[in-house]
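Make the full structure from the sequences, and use the hints.
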Amino acid sequence: MAKLLDKQRYKCALGGMQTVQAISRAIPILHSGPGCAQKLSDSIGSSGYFSPNIFPCTSINEKDVVFGGVKKLETTIENALKVIDADLYIVLTGCIPEIVGDDTGEVVSRFENAEKPVIYASTAGFKGNNYKGHEQVIDAIIEQYLEKSDEKEQGLVNIWADVPYQDLFWLGNIRELEKLIAEIGLKPNTIFGYGHGIKNIDRIPKAEFNLLVSPWVSVENMKKMEKKLGIPYLHYPTLPIGAFETSKFLRSVGKFAGIPSENVEKVITEHEKYYYYLIERYADMFLETRVMAKQFSVVADAQYSLGITKFLVNDLGLVLAKQFITDDTPKNFQEQIKAEFANLNYGIKAEVEFETDSYKIHNEILSHDYHGYPLILGSYYEKEVTEKLFGHYLNISFPVQDKVVLDNFYVGYTGGIRLIEDIYSVAVQRWN
Amino acid sequence: MAINLNNSNVATRENRIGSITGYIGTLGDLAKQSECGTLKGCSRCFSQSSTCLSGCALGQLSAIRDIAIIHHGPAGCSIAGAGTYYLDKVMAKKRGVTNNTVYVGTDMNEKDTIFGSTEALRKIILEVNRRYSPKAIFVSSSCATGIIGEDIDSVVDDVKEEIDVPIVAVHCEGFKSRIWATGFDISDHAVLSSIVKPPKQKRNTINFKNFYESARPEIIEIFKNFDLEPIFLYCNSTVEELSHISESLATTCICGTLGNYLGNGLEEKYGVPYIRTINPLGIAGFETWLREIGRVTDRSEKVEKYIAEQREIYIPQIEEIKKELKGLRAVLGMGPGYTFEVSRVLNELGIEVVWALAWHYDKKYENGDVPPSMKYLLENDVDFEASVADQQNYEVMNILHKYQPDLYLSRHPGSTVWAIKNGTPAVYVADEYMIFGYKHTLEFAKSILDSIHNRSFEQNLAKRVKLPYTDWWYQQNVDKFLEEAKK
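Top line first, the protein sequences correspond to chains A and B. Residue 186 in our numbering sits at position 186 of the first sequence, and the numbers go up by one each step. With positions in the second sequence counted from 1, the corresponding number in our numbering is that position plus 1000.
Once the Cα atoms are required to be at most 30 Å apart in a straight line, the calculated DSSO-like pairs of lysine-lysine come out as: (1) A:K199 with A:K255; (2) B:K1466 with A:K179; (3) A:K388 with B:K1089; (4) A:K388 with B:K1135.
Keep in mind that the hints were calculated from the coordinates and are not lab data.
Below you can see the structure in the form of structure tokens.
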């Protein structure tokens, strides 16, 4: 049922267009009102090969609402194939065609023999948020494009993580995950970002397993691939940030892939050595920064709320105030995620709240005693509320207005160091 | 035409003032056809995404301080609230005030599309009012709520008793108009019908409709010369301020597309004269506009004195820089409130306009006249190839590819980068005051020179990127997908 969305932190399912945009040379064709794409895009690396200005769109008008927009959809797809040079065309439906009952699937099926693949995903705004839209796009690829492969490529593993563009660090994170996986001897395959795209999509069925690094997003996609393509999956719910979690992550993946543990340990040891070389040099700063309280709150989607909480507790020894998860996590995943928050060093348990109403979140932050200047990692909405508490604020989750990220990342050993750099770059701006 | 403030629904620009989004030809032909009433817009059988009128409507309203916008629809519609939050905070900070405007959504889901959600909406309105005590509340529909027939007017009427500030329904179904500027009219209509009160006393004020008031301090200074005080709308406006705009001596606007509805509404309803000249961009624009303000407010002498002083400072400098601009060829793509104004300024600066794209075209303004910017160009024998396209990037790129101009000027986010990828230097005429008055006309001329002198960035990028269009498309005529255009 409709609810008060105060200072919202997600978009609608049609936001899945950004997932398509993150696949090189794939283009969304929008069967929607004229302005949906513009509204759902952000100026965070959006002017690549295709930008929202390039997306074909049926730009539904009043007449189409009454008589249906099927014909317009057909000419739009037909001409998109002629005008736009893409490898994959993904038709996305907005609210209007799904309410008036346009048979998008039927129109798309007329392009079965087109030179380039044309598929479609149901992404009406009222069907869910853009986390859901992301899953719908991947589902469409699995259902309508991928075929089961008898031939497997040894060591090939598909890596899936959170939602491109919604996640500010999506590009850097996925590249770093690939790098880490390759270091323990596996062959990573991902579909997002530079130089990937359709050739990597084509490799998906040949993988030995899927690796999902996300608390809940895409779990259903993994199940679908397991069923249709016979690919087993490892679900690692925590985005590994910093040494503690990344080493744990590599061990889990190594074990699942049957890699000799000494190979994995060798990689871990090398990384940890360098990581702690850096930490040791800056440990005095961590200990002696007068303006940092030990307590922090993260206001973000499940991915960052969990990942950053584990990092700050297990690596840096900070102490938890309440954590907030703002992505409208489906109910069936909430217990599992809560359990992860209870799995911290020294039996520390994080109090976590699934909340989409920022008014309530801000009231809780304002009324909590952080025993000093708090550290708040969250969206741009947390800037003002943190200022009221004279706290330290870092913009790590959507919406982002306080940070520019091209390919920076927080995942892995290096990512943990980057996050420390960002946090203390804020802290050092004050003396007391 | 008469503005009916008793109905919360505003007719679209297409229906009200015959606006179009599809045309290819020349400026002269466009004007001729507008005048004799033969102009018929074309539709496209292939189009690219453009803009939603709700962004214009609610973007304008949400800039008002300490109000609430309740956008009833799925989460994608109300995501504009994220940008609004940022903009309101930074714009208020710059001005040294605070703005606690809230823009909330209702996260409508599939069940709501079947069973309706007016009861939930009612509760949401009351809760927002309780939380924030806003000075006014605007309740907007969306495509989804519009199609399923949610009666937001009734909900608003229903809660009026419990809310002691102005509350009004705003109809923002994105499908109802391809012309996003209809959204500006929707916002003006909401302000006129719910906030503006009849005048009690006349003041020395001028209503100045703009976007982000960047030139506010200097315009205040200019108007001091004439003993006038500008009130900038709606960015950082207060509801109290808006309630008095019927008491001003006149209304003016930095962009005809933006201010037309409010200006005409205030004139029609409260007799506040609307300054209908070409816009204060460039030399002729600035002078014509100032003189009309002088005439309407009975301050012609002071205005002439100011013009004479300023001309002495700036005209020699502008004349000097014109020598360097001579011979440059430009293509531009903007809303019609700017395209035909900027074309005039380019002409004034000696730059040849080879093609002008307007994102839409209003055949006539609210009072039935052809837009003054068009009239001026025709009277001064300026003609060039022109088209009307609602930000259709593939048409822009086809034109840039064929004409390879020295310069592309554009005003909308995400549009200039494509010119650069084509290797064409681009000037982003983002700020509405970028060409305002003598001073900014000079600065504008200098920015053009700067853009042309160092072409490293676009050359570096253009050399290394592939454009997203097929060779086939570049070989087609730009009107390929226009329907009813080819006779």
